[in-house]
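Q: One-letter residues, chain by chain:
Number of protein chains: 4
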Amino acid sequence: MAETKLNRRLRLGMVGGGPGAFIGAVHRVAARLDDRYELVAASLSSDATKSAEAARDLFVARSYTTYAAMAQAEAAREDGIDVVAIVTPNHLHYPIAKAFLEAGIHVICDKPMTINVAEAEELVTLVQKTGLIFGLTHTYTGYPMIRQIREMVLGGELGAIRMIQSEYAQDWLATPLEQTGAKQADWRTDPARSGPGGCLGDIGTHAFHLACFTTGLTCEQLAADVTTFVPGRRVDDNIQVMLRLSNGAKAGLWASQIAVGEENDLSLRIYGEKGGLTWRQEDPNHIVFTPLKEQPRIITRGGPGISAASTHATRLPSGHPEGYFEAFAQLYTDIADQITARILQQQPPAVACLVPGVEDGLTGMRFVDAVLRSAKNNSAWTSL
Amino acid sequence: MAETKLNRRLRLGMVGGGPGAFIGAVHRVAARLDDRYELVAASLSSDATKSAEAARDLFVARSYTTYAAMAQAEAAREDGIDVVAIVTPNHLHYPIAKAFLEAGIHVICDKPMTINVAEAEELVTLVQKTGLIFGLTHTYTGYPMIRQIREMVLGGELGAIRMIQSEYAQDWLATPLEQTGAKQADWRTDPARSGPGGCLGDIGTHAFHLACFTTGLTCEQLAADVTTFVPGRRVDDNIQVMLRLSNGAKAGLWASQIAVGEENDLSLRIYGEKGGLTWRQEDPNHIVFTPLKEQPRIITRGGPGISAASTHATRLPSGHPEGYFEAFAQLYTDIADQITARILQQQPPAVACLVPGVEDGLTGMRFVDAVLRSAKNNSAWTSL
Amino acid sequence: MAETKLNRRLRLGMVGGGPGAFIGAVHRVAARLDDRYELVAASLSSDATKSAEAARDLFVARSYTTYAAMAQAEAAREDGIDVVAIVTPNHLHYPIAKAFLEAGIHVICDKPMTINVAEAEELVTLVQKTGLIFGLTHTYTGYPMIRQIREMVLGGELGAIRMIQSEYAQDWLATPLEQTGAKQADWRTDPARSGPGGCLGDIGTHAFHLACFTTGLTCEQLAADVTTFVPGRRVDDNIQVMLRLSNGAKAGLWASQIAVGEENDLSLRIYGEKGGLTWRQEDPNHIVFTPLKEQPRIITRGGPGISAASTHATRLPSGHPEGYFEAFAQLYTDIADQITARILQQQPPAVACLVPGVEDGLTGMRFVDAVLRSAKNNSAWTSL
Amino acid sequence: MAETKLNRRLRLGMVGGGPGAFIGAVHRVAARLDDRYELVAASLSSDATKSAEAARDLFVARSYTTYAAMAQAEAAREDGIDVVAIVTPNHLHYPIAKAFLEAGIHVICDKPMTINVAEAEELVTLVQKTGLIFGLTHTYTGYPMIRQIREMVLGGELGAIRMIQSEYAQDWLATPLEQTGAKQADWRTDPARSGPGGCLGDIGTHAFHLACFTTGLTCEQLAADVTTFVPGRRVDDNIQVMLRLSNGAKAGLWASQIAVGEENDLSLRIYGEKGGLTWRQEDPNHIVFTPLKEQPRIITRGGPGISAASTHATRLPSGHPEGYFEAFAQLYTDIADQITARILQQQPPAVACLVPGVEDGLTGMRFVDAVLRSAKNNSAWTSL
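Chains Y, C, F and R are the protein sequences, given in the same order. Each step along the first sequence adds one to the number in this note's numbering, with nothing skipped, and position 30 is 1300. Each step along the second sequence adds one to the number in this note's numbering, with nothing skipped, and position 94 is 1364. Each step along the third sequence adds one to the number in this note's numbering, with nothing skipped, and position 382 is 1652. Each step along the fourth sequence adds one to the number in this note's numbering, with nothing skipped, and position 367 is 1637.
Calculated from the structure, these hints are not laboratory results. Watch out, some of these pointers could steer you wrong.
Any copy, or any two copies together, can satisfy a pair, since identical chains are not distinguished.
[Unchecked claim] Lysine-lysine pairs mimicking DSBU-like chemistry, simulated, CA-CA at most 35 angstroms apart: (1) 1563 to 1544; (2) 1563 to 1453; (3) 1453 to 1320; (4) 1368 to 1646; (5) 1320 to 1275; (6) 1320 to 1563; (7) 1544 to 1453; (8) 1275 to 1399; (9) 1368 to 1399; (10) 1368 to 1563; (11) 1453 to 1275; (12) 1320 to 1368.
Isolated chain Y, as found in the complex (with noise of 0.2 angstroms):
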């Protein structure tokens, strides 16, 4: 676990996350895990009675009505937050991000980043002029075997990347679900809230930030294939993507919620010049590694050959499963050690700088927009 000498917990506000709300709980079990922050202040609900009625319940000292209010309050206490958690359906992310960017307040986002890449542009812009820390809930990141993928991959073990299969597939969405009144299935297939794209923003996203950020490659054209296949549904509910990545890569990526039989089956295969691997999601402590004509290796999170971000990321002897919310706390933990060194004016350790920040909410955006643009255009090849 980190070391830190600073002698208090991180102070931390949280927007969104009230009762029905699903990752503001994921968010707040990531904060407490590593013990680095405490929640003591929120805008949980966008009802005041509800809002208060939750921060009581999660002992949180307090309530604010508007996030803009909070914004202004927190910034004017001497032991205001030090960072607020954005949990919020999408829309609401810029509004928020820039009330607390501008009141000085450093900002950990739920993605995808902003509903389209305006946006996207004006927050990267303001975390530039701030200087403040900005980072991007991708969770996947935090899993200590993703960081290991990236040590292996970008170290050469695997020789050029040629071919990268990425894919996020879940049911959830199978059967017309907002059309039930539940909350979750609602306001994410409302484009109003959601932004232009469906699963395609909601976990397109994360399988194309992933083969990005294991790689080192970045996306050059890519064509796309984009499907609502729930009659009445208002945004797309699955997408094939064919990607040109630099250095003559190519991937294939793959997302949907229609996917029936897949809980949330995100997987990576990796395939370069000297050697392949695969990661899934729902087995997320081993890689299987394949060097160019030997015998696959299983590597295990906290077992023989981890990598140092591998380590850093790793709580438990291997064994002993870790899971989501371990990797979300990671992403947490870090954050926690960028601000802290930032108070004690130091430099943060590397390993603790691989959350994803805004720059990989601007490049999401951009993948969203050129996803639709490819659809738009008879899957012809489009710029990101």
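Assemble chains C, F and R onto chain Y, guided by the hints.
A: Same frame as chain Y, but now just chains C, F and R:
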């Protein structure tokens, strides 16, 4: 195992499959396994001495120097061969098949059927004209669980099909093996002998055929990105295809021979409105089937809930693995049933009529052609 | 997550778990994860300076030099701890538990509960006398799928149980690690601190408890072969046990710390008249359940067909892996529910009452004792 | 595939294996697969009419009413059989083997070899006296990966062996199937025809033989608990055995035919000082091998790092699954090599000499006997 009243084994001839060949020996095991054939005539090699020696080693009674002589002589004999197996490199399939069909002899032909669409169309015409039996050895259709899948999908257990992922990944051509004198690599990467598709024709056609065979869907349009990763290679070694199928279904197809770490990783995932399922060739005795909102079920060859078509192709109780030879043998045995019925002037049993035929071979060549046309046209959507 | 009306977090104390310890940090994460506790008092190390430093690093308000002083002082405070967690080496569990129970403080104790049967019997008496809550952290009982199994078996879904295979294999003691100064290996192989059972007490007790917990069966007799493979080791490192359970069921139990290649491979297979099932700790979110003559079903945490007891222990949707920390946290959270109910003078919910207690601890010590007696008596059948 | 200079196929006879039999058909496929035998004589059934009909259906030239007549007649012919396959129920193995050995004919015998130790000892004497070849079809020793394991263990790659877990679990006798008229269940649960061991003789002997075959270790003592779970059954259906092997190794053996959900789940786990490995019959083409403190490696049939003995038993490239028939065929092919060498007055290749023989059959019967004696003696340690 199939019942027959014919009081003899069928007489099999073989063209190709001499020393250094791979698939010829597989065909011979397949023909022998269920004891329906005896190999009595052959032209095993283009080298007459080698051909004769190989025939003697294999206890083959009659050895011929050329396939033309063989077709003529066998057709003239009272006890001539009932059927010929063609196991040469691809460019010879067409002339040999033509010669034997014209001589009135049934044909079992390895795939891809020809090296272009025109040849394939001619074979279709010739088979229609002669009324002879033409079996195309798409091996994987002989697996009991593939037939199980077909019966489940056609029986509506998955509902309307929405999305298919069909993949065939290998790594044996990850290096320029053809430059080392390896016989298999040499001809399979030579467009003159293999046809214009490399990986595309060799294994892409399997992945394509399997998607259609199991679902009954046809391809309306495809968009393809075709790559040659290994420098100096004369054919493709990696293809990515997006497909628009009949009934609004979509599919992704990936075939690669440079996917380091993959041995013979053919897999099929099918998602319908009411269920999904997964099958992997390297674990061919199992399917995972997930009815919508129910627990996934493991279906095992010979186990509970097995379909008639699957049982027909099963020899051993569940838990006793059957493999590639048995799948291949099933094609031979089904063809034996068909030929036997012809001899006995009966109808063959329906379960013995799932063997791919000359029309499948034509569709395969149209697939190869469409992929190459799309690729040349910067991945434009292309009809078959 | 459990609902509570208590308007504060529970106050937790900890004895043991200072620098170099493993399980203490796990207990702290577990206590934090569902936000039901705050750690306010501790005696983390037998070294006073280290203890104080560690307390400061962990933001613990009150640090004590001895557990006796801590029990006395905390009992005297208005805002004293509600419950103490005992995470020392095994030989200290008994005196510490005794001290806190006598001070009127609830106890969470790591396992094995004591180092002999006599101590265990005394704790049973003391808990009965005081009426205090005593939780024994058999971690694996906190896994949702273990609770699912229990509910399925007790609900009769497998019919009468015939055969159980319970295994716990590790390899971290395959070499004489204790001779290298490794702290964990040192005390765990020292009979004075670990108790007379090595592998037997450390992990064999888990495998035994799990078999009983999930089935409700008790052990009538056992026959054991106990081995020390590593030269110079003072305790066993491999045990084989045959068990005769209640209702005529049989079981096999194997625990080993020299099984090279096994990380933390605890597994459970249960076979009844009407069904069988399998669970592996390293893939804790899944069960394979096979009803007699039906297709095996994969049951996933949070997925279709999940029992109430399993849902109670679940935080994330299916496909988002939960792991070891979450299982451990479940025990803490259930104990929190129990303590809260006590404070509020309510009945705790039944689903929160599956945490192993002092009687389980006694049964575990009787198991250790019986195994060692059987082994000394050349594997004679021995009653607990 | 093995090379031979014999200019003919070997002449095979068969006793047993008529209508309704299971293993006879397997032997015939096995004999055919590598084209080393032709089945020319048989006494397929004790019913003369059925026997003749079955022979005709199988294209067998010479059909006999009794094995005695067959042995006599075939021995007298110039072109008599080279070898006989005995595939009857167990109680007939001994008299038939005796008859053919005394007639000077090599024997391939199904297992268990006899129904008691005395018969087995007589066969050993008879084989020694006649010098004839006697192959015992412990199928699983024909798997390439089992031979790979043997070569690795004997080559020291695991160091001194400490612990073995050998299991064979099925569920086909979980209900009183023998009371329904099922032919296989009927004789296999009849002590008069099957021998005194039920599950013990049928599959326990496989698990025992495999542990010894792969490691070269012998059993010094065993302690067994033998159970009949299904009411009315006349033989055991579940056995648990603890074993003390040579060189201080230990083993656990479990065989069951009432383990609901297990199809043919034979598995082997071997742990030595320097490494461990795992193999499962239902996925026979892979081994997981874990060298101490290194990453586990997946060894695939035909893949990198394969031993000579394994390559010898391999027909297809890696990724093309071989299964049960191919394992069985390997025994036939190796015996063909041995007989051919005898005919040609040569030494057979060493790799063809791994087929279990009459001594293994005797050891198997001693195992059965010792398990039953131990069980009767309340699981006392018993020497073979």
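Q: Within a copy, between copies, both or neither: where do residue 1368 and residue 1646 come within 35 angstroms Cα-Cα?
A: within (31 angstroms within a copy, 47 angstroms between copies)
Q: Between the shortest in-copy and the shortest cross-copy C-alpha distance, which are at most 35 angstroms for residue 1320 and residue 1275: within, between, both, or neither?
A: between (37 angstroms within a copy, 16 angstroms between copies)
Q: Given identical chains, is residue 1453 near residue 1275, meaning Cα to Cα at most 35 angstroms, within a copy, between copies, both, or neither?
A: between (42 angstroms within a copy, 26 angstroms between copies)
Q: Can you tell me if residue 1368 and residue 1563 fall within 35 angstroms by alpha carbon in one copy, between copies, both or neither?
A: neither (52 angstroms within a copy, 41 angstroms between copies)
Q: Between copies, within a copy, both or neither: which fits residue 1563 and residue 1453 at Cα up to 35 angstroms?
A: Classified as between: cross-chain Cα gap 19 angstroms, same-chain 50 angstroms, threshold 35 angstroms.
Q: Up to 35 angstroms between alpha-carbons, please classify residue 1275 paired with residue 1399: within, between, both or neither.
A: Within one copy only: 28 angstroms inside, 45 angstroms across.
Q: Given identical chains, is residue 1544 near residue 1453, meaning Cα to Cα at most 35 angstroms, within a copy, between copies, both, or neither?
A: between (47 angstroms within a copy, 23 angstroms between copies)
Q: Quick one: residue 1368 to residue 1399, C-alpha cut-off 35 angstroms, is that within a copy, between copies, both, or neither?
A: within (12 angstroms within a copy, 60 angstroms between copies)
Q: Up to 35 angstroms between alpha-carbons, please classify residue 1320 paired with residue 1368: within, between, both or neither.
A: Result: close within a single copy only, 24 angstroms intra versus 45 angstroms inter.
Q: For residue 1563 and residue 1544, with the copy left unspecified, which applies at a CA distance of at most 35 angstroms: within, between, both, or neither?
A: Both: 9 angstroms inside a chain and 24 angstroms across chains, each within 35 angstroms.
Q: Indicate which option fits the pair residue 1453, residue 1320 if close means a Cα-Cα distance not exceeding 35 angstroms: within, between, both or neither.
A: within (16 angstroms within a copy, 50 angstroms between copies)
Q: 35 angstroms Cα cut-off: does residue 1320 pair with residue 1563 within a copy, between copies, both or neither?
A: between (60 angstroms within a copy, 32 angstroms between copies)
Of the hints listed earlier, the one the structure fails to meet is number 10.
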